[in-house]
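Protein chains: 2
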Amino acid sequence: MLPYKSAIPIAEALRRGEGKATVRGWVYRKRTLKEKVFLLLRDATGVIQLVVPRAKFPEAESLNLESSLVATGVLVREPRAPGGVELHVESIDWVYVGEPYPINEDAAVSDSEYLLDVRHLWLRSRKMQAILKIRHTVFGAIHDYFRRRGFYEVHPPMFITAAVEGGATLFKVEYFDRTVYLTQSSQFYLEALIYSLEKVYTVAPSFRAEPSRTRRHLTEFWHAEMEIAWAHMDDAAKVGEEVIGHVVERVLDERQDELKLLGRKVEALERAKPPFHWLSYDEAIEVLRKKGFALSWGDDIGADEERALTLEFDKPIILHGFPEKLKAFYHRNNPQRPEVTLSFDVLLPEGYGEVIGGGERIYDAKELVEKIIRFGLNPEDYQWYIDLRRYGSVPHAGFGLGVDRLVMWIAGADHIRDVVPFPRDIRRTRP
Amino acid sequence: MLPYKSAIPIAEALRRGEGKATVRGWVYRKRTLKEKVFLLLRDATGVIQLVVPRAKFPEAESLNLESSLVATGVLVREPRAPGGVELHVESIDWVYVGEPYPINEDAAVSDSEYLLDVRHLWLRSRKMQAILKIRHTVFGAIHDYFRRRGFYEVHPPMFITAAVEGGATLFKVEYFDRTVYLTQSSQFYLEALIYSLEKVYTVAPSFRAEPSRTRRHLTEFWHAEMEIAWAHMDDAAKVGEEVIGHVVERVLDERQDELKLLGRKVEALERAKPPFHWLSYDEAIEVLRKKGFALSWGDDIGADEERALTLEFDKPIILHGFPEKLKAFYHRNNPQRPEVTLSFDVLLPEGYGEVIGGGERIYDAKELVEKIIRFGLNPEDYQWYIDLRRYGSVPHAGFGLGVDRLVMWIAGADHIRDVVPFPRDIRRTRP
Ligand SMILES: [Mg+2]
Ligand SMILES: [Mg+2]
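Sequence order for the protein chains is Z and D. Going by UniProt numbering, the first residue of the first sequence is number 1, and it counts up by one from there. Going by UniProt numbering, the first residue of the second sequence is number 1, and it counts up by one from there.
Hints were generated in silico from the structure; no laboratory data involved. Any given hint could be a false lead.
Note: identical chains are not told apart, hence a pair may lie in one copy or across any two.
Dumping the calculated DSSO-like pairs for lysine-lysine here, alpha-carbon to alpha-carbon at most 27 Å [to be verified]:
1. 325 <-> 34
2. 127 <-> 291
3. 366 <-> 172
4. 5 <-> 273
5. 34 <-> 327
6. 36 <-> 315
7. 5 <-> 366
8. 327 <-> 133
9. 56 <-> 265
10. 260 <-> 366
11. 290 <-> 133
12. 315 <-> 260
13. 20 <-> 290
14. 238 <-> 265
15. 238 <-> 127
16. 290 <-> 34
17. 238 <-> 5
18. 327 <-> 56
19. 34 <-> 133
20. 366 <-> 133
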């Protein structure tokens, strides 16, 4: 048998703490002390100290960091070793000697351009490993939440011909003899699918040609979107509370080690249980004016205002009832108060801000066409979307959740780039 | 309370079979008999017959198909009704009267261009509903398979600058002041991620500018890809057997009604348990020559040959050991027999053919650069991919699975378009 096939995960070796074991992995740290070489070996599960006799394995001393190897020996409890256990190596059966590794992890500044240039290697760092594990848990929890509540997972197209969010940030694709666009949101397609499946969700990439480099924008991001038939704004907002609450709970359950490694304080996460803090747009304007923002009713609530609001409350905020002109045409106006829409955003605490945008959609065909015209758009461009209202339309509501932003907040990252394995923005498209 | 909030799913009403109930949904069929209007009402869960007194609800008779409504009444067992239960309607609380519905479902030919033009409505058909439910189950089972076996879900980029599968089928995107491409496969990125997480998978769109309209090609498709550190061709092929076996078992468990509605015979599905039929390329050439194909060793095994092979065996086939020149440069050559690669395809039975392509990757830096040059490519174009081998490389293997193709086979569909909600090919980019 190939030597590395009998290896056990390093976390398992640390748990056992005695007996013979084979481990495999990458050299994470190295130090020589008299007759012994101490190698810290990492794998996907942890880090263990290998104690290697120099005389028997002279090559150990000259191994570069990130070299890979398979070692067999005896596990011994040693309080001074990381994880409290070390492996006294008896044989090394497989080695791939690496060139001198170009990254000094201890000195690295995580959002530097250099680390983005060598992102394919920086993924090996313990920090990225921890973030990627949290990310894995977040995505799994989103799927579980929707599936357990009777939503069907669907797969809307990436190539589209009509804009949901407005034309300015559309990417153009050369599509044989014509031009198409990349999807910004699957919402219109989810709306078509509720007439068949009633409750649908998708977790898929969306694309926005964002010309600015901010800490919370990328040109491609993962979007969890859902839509429910026979539902209203409050129904959708409650799903938003619940899915975030469920995700956070799962991460707190499964990823304590990773949160600790990242230095993430978990108090704000522990408080993120439904119900969130419901705040109307009107109330938000009041709160912000008291805090010194020169705002009038009707003004947009931008990134700075969002930040100020989230610092005012210790839970995520459901900010609802935006004025008509601040939200896209498809939002249903409140029949009791037509100047505002049945729309909401969810804002994450600690300054993180918007993670969900959603609301109730116009379901009446005539009302939709009138609003399209009122917004200066052409109903011809939305023919099939209007069509959905011509045959047995129903009240419905939904939202889109920026999953990378959710991971960013949960991990306590400073920049959205830090939580995406290969981030893309206006300047960066490689590796 | 809004009337439709008290509705129960139609499947639940059919199970109860007695007592008072409110249901909601869309008019699927309509017929008038003397003083009664019989409406078949559909929702996401089933179809129930509503018995509506004409005198009390004169509007019922003129309702167009696909109108939506909410009805309350008494459930009565009636063997002649679909599902064996009907609702004797006492009140209709909510109606959205549709225009005359443009599709006659009974007359519809499923792959007609017209049904593709009105795909946003055709999704309401019972056939599409059944297929979308199977699709939902397939995707869920793929995630479950990988997660339960310790794989981490990762999210490689959609915007790329180097081709995995060759430049001919790359889509170009106008990316601010330059051009980038859409991903054809996440393999290279998964290879980077195994050095951190060891076992990784992704389920994401891939894009290929396929100029031909065939029954198994689309320009965007969902790709389940995985990569494992410290692994070889056989390890990857076994994961392929297992994931397909697991998915099929789940569908047989959860989706019998949908398979029946589609008229899918399930014998071939029931036989799709690991181990599959392992067949070397050399053996395949022999089998095909005996069947009259004029093939020499080294020739490609195209769609016709695949079809013939799959009709020869009653299980999926692991076809392995392709000649070097038939597979991309990154496949590792067999050290015992350098003219063949440690590569494999999985072919689905009943003529469906290739659903997985995978194998062992070259992990030695020098060997990789030599093969890139031997293939007439430029190592400069693969700098970061080669880089992965410069620091502690390990043997590894993986594959890509075309999820839409898997759904197509499981559903017994004639065309891949039939199992995708909004299919895209050279001619079609809307709705
Ligand atoms: Mg906003
Ligand atoms: Mg092939």
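Okay, the hints, checked on the actual structure:
1. 325 <-> 34: neither (73 Å within a copy, 53 Å between copies)
2. 127 <-> 291: Cα proximity of residue 127 and residue 291: none, with 37 Å in one copy and 57 Å across.
3. 366 <-> 172: For residue 366 and residue 172, the Cα distance exceeds 27 Å both inside one copy (31 Å) and across copies (39 Å).
4. 5 <-> 273: between (44 Å within a copy, 25 Å between copies)
5. 34 <-> 327: Neither: 69 Å inside a chain and 51 Å across chains, both beyond 27 Å.
6. 36 <-> 315: Answer is neither; intra-copy 52 Å and inter-copy 55 Å both fail.
7. 5 <-> 366: For residue 5 and residue 366, only the inter-copy Cα distance (24 Å) is at most 27 Å; the intra-copy one is 66 Å.
8. 327 <-> 133: For residue 327 and residue 133, neither the intra-copy (35 Å) nor the inter-copy (33 Å) Cα distance is at most 27 Å.
9. 56 <-> 265: Neither. Shortest intra-copy (45 Å) and inter-copy (64 Å) distances fail the 27 Å Cα cut-off.
10. 260 <-> 366: So residue 260 and residue 366 fail the 27 Å test inside a copy (54 Å) and across (40 Å) alike.
11. 290 <-> 133: neither (41 Å within a copy, 51 Å between copies)
12. 315 <-> 260: within (21 Å within a copy, 48 Å between copies)
13. 20 <-> 290: Classified as neither; 67 Å inside a copy, 54 Å across copies.
14. 238 <-> 265: The answer is within: 26 Å in one copy meets 27 Å, while 42 Å across copies does not.
15. 238 <-> 127: Intra 33 Å, inter 32 Å, cutoff 27 Å: neither.
16. 290 <-> 34: neither (67 Å within a copy, 69 Å between copies)
17. 238 <-> 5: between (48 Å within a copy, 15 Å between copies)
18. 327 <-> 56: neither (71 Å within a copy, 43 Å between copies)
19. 34 <-> 133: neither (38 Å within a copy, 65 Å between copies)
20. 366 <-> 133: For residue 366 and residue 133, neither the intra-copy (48 Å) nor the inter-copy (32 Å) Cα distance is at most 27 Å.
In summary, the numbered hints that this structure violates are 1, 2, 3, 5, 6, 8, 9, 10, 11, 13, 15, 16, 18, 19 and 20.
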